[in-house]
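The listed protein sequences derive, respectively, from chains A and B. According to my numbering, the stretch in the first sequence is residues 28 to 619, in order. According to my numbering, the stretch in the second sequence is residues 11 to 345, in order.
Calculated directly from the structure, the hints in this document are not laboratory data. What you are looking at is a predicted structure, and each value in this text was computed from that prediction instead of being measured. Where hints are given, some of them may not hold.
[Said to hold, decoys possible] Label pairs and their in silico Cβ distance ranges: (1) B:166 <-> A:484: 29 to 39 angstroms; (2) A:480 <-> B:329: 46 to 56 angstroms; (3) A:480 <-> B:79: 49 to 59 angstroms; (4) A:425 <-> B:196: 44 to 54 angstroms; (5) A:108 <-> B:199: 46 to 56 angstroms; (6) A:194 <-> B:183: 50 to 60 angstroms; (7) A:162 <-> B:306: 20 to 30 angstroms; (8) A:78 <-> B:248: 17 to 27 angstroms; (9) B:179 <-> A:91: 26 to 36 angstroms; (10) B:308 <-> A:484: 35 to 45 angstroms.
[Claimed, not checked] Computed list of lysine to any residue pairs in SDA-like fashion (alpha-carbon distance at most 20 angstroms, straight line): (11) A:436 <-> B:51; (12) B:45 <-> A:148; (13) A:264 <-> A:148; (14) B:49 <-> A:264; (15) A:377 <-> B:193.
C-beta: ideal position from N, C-alpha, C; glycine also.
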Amino acid sequence: MKRRSKTHWAGIAIIVCACASGWAIDLQEELLTTNAAPGRYGGTLVVLQRAEPKTLNPVTALDAPSREVIRRMTADLVSINRATQQTEPGLAKSWTISEDGRVFLLELRRGLHFSDGHPMDTDDVAFTFQVYLDEKVRSPQRDLLMPGGQPVAVEKLDSYRVRFRLAQPYAAAERIFDSVAILPRHLLEPAWRAGKLAEAWNLNTAPSAIAGLGPFRLKEYQPGERIVLEKNPYYWKTSREGNRLPYLDRLEFRFVPAEDTQVLRFISGEADVLNRVSARNFEMLRQDARTKYDQLQDLGPGLEYNFLFFNLGSLDGQRYPEIASRQASFRNLGFRQAIAAAVDRDAIVKLVYGGRATPLWGHVTPGNRLWGNAALPKQPQSFDRARQLLRAAGFRWNSEQQLLDASLKRVEFSILVSSSSPERVKMATLIQDDLKTLGIQAQVVSLEFRALLDRVLNSREYEACILGLVSGDTDPNPEMNVWLSSGGSHLWNPGQKEPMTAWEGEVDKLMRQQMTTLDYARRKSLYDRVQQIAAENLPLICLASPNILVAARKDLGNFQPAILDHYTLWNVEQLYWRTPRGVSSSPKESRP
Amino acid sequence: MKQFWHSARLPISLLVALHLAVVLAGFLSPEDPAKQNRKSALLAPMNIHFVDSRSKLHLRPLVTVEGEDRPLRFFVSGSQYRLLGLFRLRTHLFGLDEPSGIHLLGTDEFGRDQFSRVLWGGQISLATGWLAAVISVGLGMLLGLAAGFWGGWRDSVIMRGAELFLALPWLYLLLAVRAFLPLSLSPSATALMLIAVIGVVGWARPARLVRGVALSAKERDYVYAARGFGASAWYLATRHCLPETYSVAATQAALLIPQYILAEVTLSFIGLGVGEPVASWGNLLAPLRQFSIITSAWWMALPALIVVLTSWCFLRLEDALSSPSPRKHECEKMV
Chain A
28 MKRRSKTHWA
38 GIAIIVCACA
48 SGWAIDLQEE
58 LLTTNAAPGR
68 YGGTLVVLQR
78 AEPKTLNPVT
88 ALDAPSREVI
98 RRMTADLVSI
108 NRATQQTEPG
118 LAKSWTISED
128 GRVFLLELRR
138 GLHFSDGHPM
148 DTDDVAFTFQ
158 VYLDEKVRSP
168 QRDLLMPGGQ
178 PVAVEKLDSY
188 RVRFRLAQPY
198 AAAERIFDSV
208 AILPRHLLEP
218 AWRAGKLAEA
228 WNLNTAPSAI
238 AGLGPFRLKE
248 YQPGERIVLE
258 KNPYYWKTSR
268 EGNRLPYLDR
278 LEFRFVPAED
288 TQVLRFISGE
298 ADVLNRVSAR
308 NFEMLRQDAR
318 TKYDQLQDLG
328 PGLEYNFLFF
338 NLGSLDGQRY
348 PEIASRQASF
358 RNLGFRQAIA
368 AAVDRDAIVK
378 LVYGGRATPL
388 WGHVTPGNRL
398 WGNAALPKQP
408 QSFDRARQLL
418 RAAGFRWNSE
428 QQLLDASLKR
438 VEFSILVSSS
448 SPERVKMATL
458 IQDDLKTLGI
468 QAQVVSLEFR
478 ALLDRVLNSR
488 EYEACILGLV
498 SGDTDPNPEM
508 NVWLSSGGSH
518 LWNPGQKEPM
528 TAWEGEVDKL
538 MRQQMTTLDY
548 ARRKSLYDRV
558 QQIAAENLPL
568 ICLASPNILV
578 AARKDLGNFQ
588 PAILDHYTLW
598 NVEQLYWRTP
608 RGVSSSPKES
618 RP
Chain B
11 MKQFWHSARL
21 PISLLVALHL
31 AVVLAGFLSP
41 EDPAKQNRKS
51 ALLAPMNIHF
61 VDSRSKLHLR
71 PLVTVEGEDR
81 PLRFFVSGSQ
91 YRLLGLFRLR
101 THLFGLDEPS
111 GIHLLGTDEF
121 GRDQFSRVLW
131 GGQISLATGW
141 LAAVISVGLG
151 MLLGLAAGFW
161 GGWRDSVIMR
171 GAELFLALPW
181 LYLLLAVRAF
191 LPLSLSPSAT
201 ALMLIAVIGV
211 VGWARPARLV
221 RGVALSAKER
231 DYVYAARGFG
241 ASAWYLATRH
251 CLPETYSVAA
261 TQAALLIPQY
271 ILAEVTLSFI
281 GLGVGEPVAS
291 WGNLLAPLRQ
301 FSIITSAWWM
311 ALPALIVVLT
321 SWCFLRLEDA
331 LSSPSPRKHE
341 CEKMV
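All chains, please: the whole structure from these sequences, using the hints.
Rendered as structure tokens:
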């Protein structure tokens, strides 16, 4: 009894000390109060990933799984709220933009700490931008931080204020700061000075050597199995009531490569959240007695757009004579319009996505509430119109109803699709059948994804291809690379030195103009025009945009999925279990 | 021989029936295998029955389409096809009055008739199996005989080569070949080409077996005798050793054909086999990659039964061919 009361007093003493020190920190800390509903602390959330992260380095990470994990461990100055699609304060509590749109003055929250307890200030911010802009580090985000081709100039005014100067006004303004993870200078500067930043923070790095400002920090990594994050006790957001977030104790990413296996794991209770479910599996989850009461949400169309495009680039006619000879048809606008008229988008929506998708006539999906051009014509499938267009464009039919081009050669081409995307293979099969009605013979060739990209972007040995693109943000700026004729993702003819057609020249001009226009209405009209030109000239024949379908356990609180990536975990710090949960079901849990 | 026939009767008759059905696919299948009917995607198989919804007995078989009983018609005119690749015909063994389609094995995700696709798919699948096996066994016999009969450095070179080929991961080789094939190649030609590559790569195992037989055959007394009479090496190899290897070759072929049919299934399963809209057994099984198809459209798994049955028949045949060798018996009696 005596011993017991001793431990009792010792416990109280520890709690008092902890409270006192916590109070001391709280006095200085400027925490961000979110409007998160009050939740309860504790529990583990298990999330499944298609692949293992390749790195934990926020600067060099390219692949989605890496970014998915890193984003939970890091934070940015200003972030885009995935639900409202608008910016909101992050590590910077406020900011001002000069009238010419070129100077940003950001004020940081005071008293914040990295997840290892080290304080954060403007030195870390300056260091972060130095690293991201360092050419030798080769960060994929470097281009975004160079509006007008000039790097952003960062100037530290004092410990909490920092000024950014841009070479030219940047229309997306403070959105530029989203996803630039603020790095701990005390941990990464030695590696950067030694020129080894790209190798720093890999999967073998000890958890103690990695720190960030995100809601979670690294706990352990088991190759081929899982990566476990634990709660960051220094996190700087609180709930409405002032309770420090996150609610969850642990966040566990498990690696399960196939979607079907992921769904099975969810059904059996081994996973708590599915970030993306295909329409068929979604339907199945809705019917399965074990999952039908869970939170299965159809968020409507996302930002992904799938499209068919033809090889319009200038080809080495000697190397690929056959493709070069067929390009005369592809470059014929009437031909592309006829194909667009013949495609049955409704069948794609119904048969490929089980009705959970939206047919598309332009590349901005209905999910993008701020930027879509509602005036684009939405013409239903019509073989008659397609035939008229073809006839007007100089095509003829022979006695067997096969389509012949102007040189009386039969019109045939191959459509490349990625073998790893059953949806696009199905789209190709439907389009193939539609084109058969017009007398066009299309061959569906499914290739391994890397082989396909190599043909489209490097060797250019292809005729037509079905691909999908998904933008990370609703703003038009991340789409620059697709629409500028010099862009690397200008898929139908990438990396042009001079725009090959007049309309591509006009799009170049409009896209550059919108990038520096600050007024939303003016910018919207510029981007509307881009969408109109694209819909008239059909470099991409848009097909459909699938709905974002997600799933989470019934008692996961504050679950607010959004159509911007990351759909389900963007507010992970606010997620909580409504009912207390036992420790994770993993048998290895008890191991020291 | 009697014993062989006894154990091989069932597989052989099944195989003959299967091959006949596949060769006559156009006539036996009621629909065009590529014809999409987007309104009737994933329909369950239709039952043939003789009693209609008002409990009336009919002599002519009936099927239920959209809640209505339709009589089955025989020798109906339908989509055009080529019988044996030669005669253009429109007559199908059975079908329904236009515009309804009959789907004995249901329809796939595009509303195409699965029964017709299974029959037409067999043409590609069986052809690839046979072609690849013929290439493998042919090459294997040639090289195995050369290695076993002539021996010496030829033997070393061929056998080391065989080991090399046995160690080759064929799936990756095929992925590479597929990436480099010209795009304008038709789907069936692409499939045949890929299977030909598998066939060429697969010569090593038959070659090793044939070499063993050739090694023992060339030591036989009658071969020595023939050599004594002045027979040339070519004569000895082709007249005395080669026939000894026939039973091994036949066994190998019976073993390899189902293996190569499965290779085509594997390739199509990962989406790199025969391109749409051409049917093959592998192609028909590819949708089963999706868990939801297995749970909600069970009939999509029926083509797997055909593949299993075909493999079983070939393996039974191989069993009958290999034990006990009828030819060996004859040889022993002669001695």
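Results of checking the hints against the structure:
Judged by the Cβ atoms, the range 29 to 39 angstroms given for residue 166 of chain B and residue 484 of chain A is violated: they are separated by roughly 46 angstroms. Hint check: residue 480 of chain A to residue 329 of chain B, Cβ distance near 47 angstroms, so the stated range 46 to 56 angstroms holds. Distance hint check for residue 480 of chain A and residue 79 of chain B: the Cβ-Cβ separation is about 53 angstroms, which falls inside the suggested range of 49 to 59 angstroms. Distance hint check for residue 425 of chain A and residue 196 of chain B: the Cβ-Cβ separation is about 19 angstroms, which falls outside the suggested range of 44 to 54 angstroms.
Distance hint check: the CB atoms of residue 108 of chain A and residue 199 of chain B are about 54 angstroms apart, consistent with the given range 46 to 56 angstroms. With their beta carbons about 52 angstroms apart, residue 194 of chain A and residue 183 of chain B fall inside the hinted range of 50 to 60 angstroms. Between residue 162 of chain A and residue 306 of chain B the beta carbon distance is about 53 angstroms. The supplied range of 20 to 30 angstroms is therefore violated. Between residue 78 of chain A and residue 248 of chain B the Cβ separation comes to about 56 angstroms, which falls outside the hinted range of 17 to 27 angstroms.
Taken as a hint, the range 26 to 36 angstroms holds for the pair residue 179 of chain B and residue 91 of chain A, whose Cβ atoms sit roughly 28 angstroms apart. For the pair residue 308 of chain B and residue 484 of chain A, the supplied restraint of 35 to 45 angstroms holds, since their beta-carbon distance comes to about 42 angstroms. For a cut-off of 20 angstroms, the pair hint linking residue 436 of chain A to residue 51 of chain B is broken: about 35 angstroms separates their Cα positions. At most 20 angstroms may separate the alpha-carbon atoms for a hinted pair to count; residue 45 of chain B and residue 148 of chain A exceed this at roughly 67 angstroms.
Among the hinted pairs, residue 264 of chain A with residue 148 of chain A is consistent with the structure: their alpha-carbon atoms are about 17 angstroms apart, no more than 20 angstroms. Under the criterion of a C-alpha separation no larger than 20 angstroms, the hint pairing residue 49 of chain B with residue 264 of chain A is inconsistent with the structure, at around 52 angstroms. Of the supplied pair hints, the one linking residue 377 of chain A and residue 193 of chain B is violated, its CA atoms being roughly 29 angstroms apart against a limit of 20 angstroms.
In this structure, the hints that do not hold are numbers 1, 4, 7, 8, 11, 12, 14, 15, in rising order.
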